[in-house]
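Trainee: Generate the whole structure from the sequences, applying the supplied hints.
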Amino acid sequence: MNSAAESILLIDDSAPKRYLLNSWLTRAGFAVTEAENGYDALEEIHRQRFDIVVLDVKLPDMSGLDVCRRIKSDPRTASTPVVHVSAHAVDAPDRTLGLVGGADGYLVEPIDPHELVATVQAVLRYYRARRKAEQLADGLAQLAETTLAVTMARDLTELLHRAAAGAARLFGGAVAVAARAPGAGWTTALASGSDHVTITGWEPPADDVPVGSRLLVDESAAWQLPAPWPDTGHLTVATARLRADRPPLYLFTAASDDDVHAQLLTQLTQALAATAEAQRAQDQDHQIAVTLQRSLLPRHLPVVDGIELAVRYEPASQEAEIGGDFYELSALGDQLLIAIGDVVGHSLHAATVMAEIRHALRAYAVEGHAPGEIVRLIDELMVQLLPGEMATLCLLLLDPRTGRARLANAGHLPPLLIVDGQVSEVWQRAPLLGINHPRPADLEFTVPAGATLLLYTDGLIERRDIPILDGVADLMRLAGDVDAELDLYCARLLDELTSPPNADDVAVVAVRRL
Amino acid sequence: MERASTPPQATHEVEVLPDAVRVSLAGEFDLLTEQDLATWLGDAIRSHPGRLVEVDMHEVTFLDSTGIRVLLQAHGAATRQGGSLRLVRASGMVREVLDIVDVYTFLTGATEDSPRP
Chain A
2 MNSAAESILL IDDSAPKRYL LNSWLTRAGF AVTEAENGYD ALEEIHRQRF
52 DIVVLDVKLP DMSGLDVCRR IKSDPRTAST PVVHVSAHAV DAPDRTLGLV
102 GGADGYLVEP IDPHELVATV QAVLRYYRAR RKAEQLADGL AQLAETTLAV
152 TMARDLTELL HRAAAGAARL FGGAVAVAAR APGAGWTTAL ASGSDHVTIT
202 GWEPPADDVP VGSRLLVDES AAWQLPAPWP DTGHLTVATA RLRADRPPLY
252 LFTAASDDDV HAQLLTQLTQ ALAATAEAQR AQDQDHQIAV TLQRSLLPRH
302 LPVVDGIELA VRYEPASQEA EIGGDFYELS ALGDQLLIAI GDVVGHSLHA
352 ATVMAEIRHA LRAYAVEGHA PGEIVRLIDE LMVQLLPGEM ATLCLLLLDP
402 RTGRARLANA GHLPPLLIVD GQVSEVWQRA PLLGINHPRP ADLEFTVPAG
452 ATLLLYTDGL IERRDIPILD GVADLMRLAG DVDAELDLYC ARLLDELTSP
502 PNADDVAVVA VRRL
Chain B
170 MERASTPPQA THEVEVLPDA VRVSLAGEFD LLTEQDLATW LGDAIRSHPG
220 RLVEVDMHEV TFLDSTGIRV LLQAHGAATR QGGSLRLVRA SGMVREVLDI
270 VDVYTFLTGA TEDSPRP
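For the record, the sequence lines run as chains A and B.
According to the working numbering, the first sequence is numbered sequentially starting from 2.
According to the working numbering, the second sequence is numbered sequentially starting from 170.
There may be inaccurate statements among the hints.
[Stated by the list, open to error] Part of the chain A face toward chain B, derived, beta carbon under 7 Å:
hint, residue
1, Arg407
2, Gly412
3, Ser425
4, Arg430
5, Leu470
[To be verified] Which stretches of chain B does chain A cover? Using the computed rule of at least three CB atoms under 8 Å from a CB of chain A, they are:
hint, stretch
6, 230-241
7, 267-273
Source of the hints: derived by calculation from the structure; they are not laboratory data.
All C-beta atoms, glycine included, are put in the ideal place defined by N, C-alpha and C.
Mentor: Now the structure itself:
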C-alpha cells in the first residue's frame, strides 16, 4: 500500500515557515505540494487528490477555519484529513473551534518537527483504517447484491454472466468466472466492465484444486485466458471447491495484494461455488425427471399395415416443472389403439400417475373393452386408488382396413380430422378422469383413406393471452396442410405454435390412413 | 427483487351472506396459485360447515387444469361436510375450459337441483 509517497498539501502564507515545514515533511518521506493562501489551496485540492492537508489557521485571504470547513463540506474532499498549525499563541477555545470545524489535529507554535510528523502519521493511520473499513463495507454490500442476483439465475450460464458482471463492479478491471455443468464442458464468463460480459468455452488448464478455498497470484501466461482478458503480467486466481467429487469454481481478477480485495474475492468465490452447486443439483434433478418421464412413454411406435404414425414429445423447459403429458400407440389384434392424455399437475408425481394410467389403459385395452368402457374403468381405478388425481384422456380404436373409429374422450381437447385439406374437430364432451361422472356413448366415425388424425395436448395451443378455443382455431388453420412426411408435419406444428422456453410439456400424435 | 413490485397473481374476498358464504376470486389460477386457492376454499368450507359456498368467478382471467382440480376437490370436501359449493358468474375463457373438461354443469350446481345462475 505504501509504494507511492503519501501526498500532503501544505498551506501557509509565510514562506520561511513553509520552507521549514516542507523540509521536515519531505525528510519524513511525504510528497509535499505548497499553497500560500486559501484560494490557491482550494484550487489545488480540486485539481488533485491529497492524502492529508496541513493548514495554517491564519491566511491572508480567508480564515484557515473556513478553508477547513469548505474541504470538509465538499463530498469530493470530505474524507481528506486536515491538521491545523497555528503561529499564534492560542488557547483551548481556539483549538476547540478548529476541531469542531472538522480538523483532525491541531498543533501550536513552537512546532516540534517530530510531533508534526508523528501527528500527520497518526491521522493518516486512522484515515487508512477508516477507508479500508468503508471499502470493506461497500464491498460487502455489493457482494450481497451480486450473490442475490446470482441466486436468482435460471441456469448456469446466466449465473456465470451475473457473477462476472457483479465481480467486475466489485473489483474493477477484467474478471473471469469459470464453472462446469454436469456432464458438459466448462463455461466461462469474461467481463471487462459490468456491462460487457462475454460467454466462452475456455477451460482452465489441468490444475489440482484442493477442497475449500484457495487464493494465489500467478503469471497470466500460465492461464491463457482468452481475449478480451488484458495482457497483463499477473492475475489473482481464487478457487472454491465444495467436495472432492465436484468441479471447482474459478474467479480471476487483476493481481492485487490488497487484503480487502482478497477477503471479498474469497467470500464471493465461496458464495458462487455454493450457488453453482445448488444450480447443478437442480439441473440434475430436472434431467433425471425428464429421463424418467421419457422412459414411461412408449419406446417404439408399432408398425401397422396401411397406417403411418408420428409422435413428438417436448418436455417443459428447464425452469418449468415436469408435466404429465402422455400418449399411447399399440397394435391390438387388427385394431390400432391411439390415446393421448394429460395428468393434472406438474411434478415427478404427475409423471408417475401418468405411468399408472397408461399401464391401466393398455391392460384394459388388451382385455378387449370398447373405448368408453376402458375410460370408465380407468376413472373407477383413479377414484379408488388414486384419489385426488385428475387427468384428461382421449382414446380411440381404429380399424386400419376400414377406417372405422370408436372414440371416447374424457375432458381432453378434440382431435382433428384432416380430409383433403379440410380440418374438422372431433368433439365429444365428457368429464375428465378422477371424478367418476356418467359418460356418453362412444363416438363412431370414419377416417377415410388418405386422411390424417391429429391428437395433441394443451401445451401445443394454450397461451395465457388468448382463449383456448382460439388456440385450437390457430392449430386448425395450420393443420390442413399435411406434409408428406408426418414427422415434419408434427415438427412444423410445434415450431409454429410454440416458442421455447416451454412453460408446459407438449405431446403431438399424427396418424395417417394410407 | 423483480417480484416485490408485481401485484399478486390472484386474490380473493370473502363475504358472509344470509344464506351462503361468497368467495370472490380475481386473477390467474394455475400451478403457482394452486395452494392459495386450496387454502382459501378450504378455510371458507371449514369455517361455515353445512353452508353453501358460492365461488364468484367473474374476475378470474385465467384458469388451468390445476385450478379446476382444486375447485373439484373443494366441491367434494364441501359435500362431504354436509354443505355444498357452487361456481357463479363463470364466463369467457373460464367457462370455455370448464366446458372442455365438461364440469361446468357439475360445478355450477345444475346437477344439485338448484337453479342455473
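Trainee: It remains to establish, for every hint, whether it holds in the given structure.
Mentor: Structure-based check of all given hints:
| no. | hint | result |
| --- | --- | --- |
| 1 | Arg407 | 19 Å, violated |
| 2 | Gly412 | 4 Å, holds |
| 3 | Ser425 | 17 Å, violated |
| 4 | Arg430 | 5 Å, holds |
| 5 | Leu470 | 6 Å, holds |
| 6 | 230-241 | holds (count 7) |
| 7 | 267-273 | holds (count 5) |
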